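Residue numbers (UniProt numbering), protein chains in the order written: chain A, 1 to 437; chain B, 1 to 281.
Treat the hints as calculated values from the structure; they're not laboratory data.
On a predicted model such as this, the values are computed, not experimentally measured, just so you know.
Heads up, some of the hints might be wrong.
Computed Cβ-Cβ distance ranges for the label pairs, DEER-style [unchecked claim]:
id: 1; chain 1: A; residue 1: Thr204; chain 2: B; residue 2: Leu192; range: 16 to 26 Å
id: 2; chain 1: A; residue 1: Ala324; chain 2: B; residue 2: Phe63; range: 58 to 68 Å
id: 3; chain 1: A; residue 1: Gln3; chain 2: B; residue 2: Arg196; range: 26 to 36 Å
id: 4; chain 1: B; residue 1: Val57; chain 2: A; residue 2: Gly377; range: 35 to 45 Å
id: 5; chain 1: A; residue 1: Thr285; chain 2: B; residue 2: Lys105; range: 31 to 41 Å
id: 6; chain 1: A; residue 1: Val292; chain 2: B; residue 2: Ile50; range: 48 to 58 Å
Pairs of lysine-lysine residues, derived as DSSO-like cross-links and limited to a Cα-Cα distance of at most 30 Å, are as follows [what the hints assert, rightly or not]:
id: 7; chain 1: B; residue 1: Lys5; chain 2: A; residue 2: Lys394
id: 8; chain 1: A; residue 1: Lys236; chain 2: B; residue 2: Lys5
id: 9; chain 1: A; residue 1: Lys176; chain 2: B; residue 2: Lys134
id: 10; chain 1: A; residue 1: Lys335; chain 2: B; residue 2: Lys105
id: 11; chain 1: B; residue 1: Lys42; chain 2: B; residue 2: Lys60
id: 12; chain 1: A; residue 1: Lys394; chain 2: B; residue 2: Lys105
id: 13; chain 1: B; residue 1: Lys79; chain 2: B; residue 2: Lys224
id: 14; chain 1: B; residue 1: Lys105; chain 2: A; residue 2: Lys134
id: 15; chain 1: A; residue 1: Lys176; chain 2: A; residue 2: Lys291
id: 16; chain 1: A; residue 1: Lys72; chain 2: B; residue 2: Lys79
id: 17; chain 1: A; residue 1: Lys193; chain 2: A; residue 2: Lys394
id: 18; chain 1: A; residue 1: Lys176; chain 2: A; residue 2: Lys66
id: 19; chain 1: A; residue 1: Lys134; chain 2: A; residue 2: Lys236
id: 20; chain 1: A; residue 1: Lys105; chain 2: B; residue 2: Lys224
Think of the CB as a built atom: it goes at the ideal place given N, C-alpha and C, for glycine as much as any other residue.
Residue-level listing of the chains:
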Amino acid sequence: MWQRRTRATILSAIFMGLGQIYNRQFIKGIILLLIEAACVYYFIRNLGRALWGIATLGDSPNHLAKVNGITKMVVGDHSIYILIQSLITLLVLVLFLIGWVMNIKDAYHIAKLREGGIAANNFRQSIRYVHDYKFAETFLVLPAVGILFFTIMPIIFMILIAFTNYSAPSHMPPAKLVDWVGFETFRNLLALKTWSHTFYGVLTWTIIWAVLSTVTTYFGGLLVALLISQQGIRFKGFWRAILIIPYAIPQLISLLLMRNLFNGQFGPINQYLRYFGLGGLPWLTDPFWAKVTVIIVNMWVGIPVSMLLIMGVLTTIPRDMYEAAEVDGASPFQKFRIVTLPMVLFTTAPTLITQFAGNINNFNAIFLLTGGNPVNGNYQYAGSTDLLVTWLYKLTLDQNKNNMAAAVGIIIFILIASFSIYNYRRTNSFKQEDMIQ
Amino acid sequence: MIGRKLASIIRLAMSYIVLIVLAITALYPAIWIVLGSLRPGKSLYSKHFIPDQLTLVHYKELFTSQVYMFGTWYVNTLKIAICSMLIGVLLTLLTSYAVSRFRFKGRQTALSTMLILGMFPGFMSMIAIYLLLKEFHLLDTHLALIIVYAAGAPLGGTFIAKGFLDTIPRSLDEAARIDGASNFGIFARVILPLSRPMITFMALTQFVGPWVDFIFARLILRTKENWTVAVGMWDMVNTIQNSNFTLFSAGAVLIAVPIMILFAFLQRLLVDGLTAGASKG
């Protein structure tokens, strides 16, 4: 009797779908067969080169060679293209292996059922089963594939880059090859004086910035939301519409606009200050004031988002909670502390953390407003208001120090991720998500 | 009793004052740039807040000059924004519905993974995505931007959407299930209508993306005819910088206006108390 399940398992291990056909699930089996055939064709053509590519990153750069007595430029290996092609092939391989394992499990499972005398599902029943019991997983396939190729693959790619010497001027393909160098990039970044001074300086400012900007916008937004939702305030919709305007203006526009507003010479802000007899401030040109300016402007940009979000949450708080609190004789402040605040924090805790992470990577606020300037002479390609992200940008797109940029990215990611995961697991919305209802 | 009434009046008066101050702060830059775009000349400096003369010449220049193809850029951006919004919102909703309502193997891991992935700086992936698109010969196409924007949507939006879906009482799902609704039926008939404010919020964020992305889009779109308004705007800022503030203002107004109009319309969808009474039945 056990032979049937063994046979199905072995068959489907040899070639995807055979086990299913053996189980008399013909349509499913043929679909799987076709998938495997396509994959095998693809791997025969690509897998060997992928393995060679990821190990060597190419072995011949552009070079001159004599062809029929004429010296010609021979196109060599482009290390970076080779790396990305290898990576794509390997990812497809991983997907295929997952599918293959699932197919074996499925064949085994159904054969076992058939041994028990239960007929295998026909194709329509299979679909029905997936629709009823594997609904969530099916729903998630499409987003997951998108995330795999447009987020995970690029991240793996950049992590790999950090361990190569891909940087200007001496290792830029196609003229030169790129090689694996291990941890050398990290060593330079953290210990070599010229780089580490910039790194620690920029890192400190990034953290100060992220904390201040998250706290100011979140609690600013909470205050404004509460202000508008107060009992007795009229024209709530009107106030909300007006205060959302900074959010409705695209950041690209509003931040470039702010750059002009705060212009030290001709900007209206200094114009007003001078009108009141105060000297104008060097809003964007002095290292300290530039930092103050970015935080103020970020509040202007960020508070409406938090306000909108928190007002949305406020509307979902059940009215009976307030009624119950009123029956118990709670004062407005107590109602806020016991009902509103926990509910708002519960729903928005993950957002708060994402906002913090977002602020660490808040490229627009810095890049559009100050461009990372004023220039800091002691820094390597960075200015006084540069965050790690804007520094990354300059390192990659302006300076082509790709390996250094990738290393910076990884280090900051490790710091943030460890902090965030710890924090996120502690917040209630993770622990008790099934309890609140 | 009188003391209490007085306190309440003072509280309201203070609130109104604060609100008025906030409203002025929120509006001032917008009004300033609209006025700037209507001012003759090129300079940033203006003697009075309201200029002596008003002119539309800068707008005309944007649409008629050979250098700025605002009309084409507009259509491009609109196309990309709408497509990526539809796909992106759908993907995000699917993801957040699945993780909010179902308990399955690896769910917690999937959530943590998404949280972690969201923390990587976007620039780290930009070059790899560029190379990936090159592999598929999608460079300089709008399809590339649509795919990338839409694929990125679940990463940013899922947590917010999940937080919102978690607050929709599960008793509603159960009631629908008893009435014979399938999983998909519950999603379409119960969850979707109740999460309209959240969908609005997500759709807006997603729609605004292409209007403001000047870095990734600039990397992908190489020919001027394919540019989006953001790329064109950034190019303009880089080439004329401070020398032609009024033209910059006109461009800025043109980009900001459609988005603000959309906001004005969708405001109504963010109505108070959508779920306030839903569970009481």
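B/Val57 paired with A/Gly377, Cβ distance criterion 35 to 45 Å: holds (43 Å)
Between A/Lys335 and B/Lys105, is the straight-line Cα distance small enough, at 30 Å or below? Measuring from Cα to Cα gives roughly 39 Å; hence the hint is violated.
Pair hint outcome, A/Lys176 versus A/Lys291 [Cα-Cα no greater than 30 Å]: violated (41 Å)
Take a quick look at whether A/Lys134 and A/Lys236 sit within 30 Å of each other, Cα to Cα. Judged against 30 Å, a Cα distance of about 44 Å means the pair is violated.
Between the beta carbons of A/Val292 and B/Ile50, is the distance compatible with 48 to 58 Å? Because 29 Å falls outside the window, the suggested range is violated.
Pair hint B/Lys5 and A/Lys394, alpha-carbon separation not exceeding 30 Å: violated (59 Å)
Pair hint A/Lys72 and B/Lys79, alpha-carbon separation not exceeding 30 Å: With a Cα-Cα distance of about 46 Å, the restraint between A/Lys72 and B/Lys79 is violated, given a limit of 30 Å.
Does the alpha-carbon distance linking A/Lys176 and B/Lys134 stay inside the 30 Å limit? holds (20 Å)
Would you say the C-beta atoms of A/Gln3 and B/Arg196 sit inside 26 to 36 Å of each other? About 57 Å separates the Cβ atoms of A/Gln3 and B/Arg196, which means 26 to 36 Å is violated.
Satisfaction of the hinted span 16 to 26 Å by the C-beta atoms belonging to A/Thr204 and B/Leu192: Taking Cβ atoms as reference, A/Thr204 and B/Leu192 lie about 46 Å apart, which means the hint is violated.
Holds or violated: A/Lys176 with A/Lys66, Cα cutoff 30 Å? holds (20 Å)
For the pair supplied as a hint, A/Lys236 and B/Lys5, confirm whether the alpha-carbon distance does not exceed 30 Å. Holds: A/Lys236 and B/Lys5 sit about 21 Å apart, inside 30 Å.
Checked against the numbered hints above, the structure violates hints 1, 3, 5, 6, 7, 10, 12, 15, 16, 19, 20; every other hint is satisfied.
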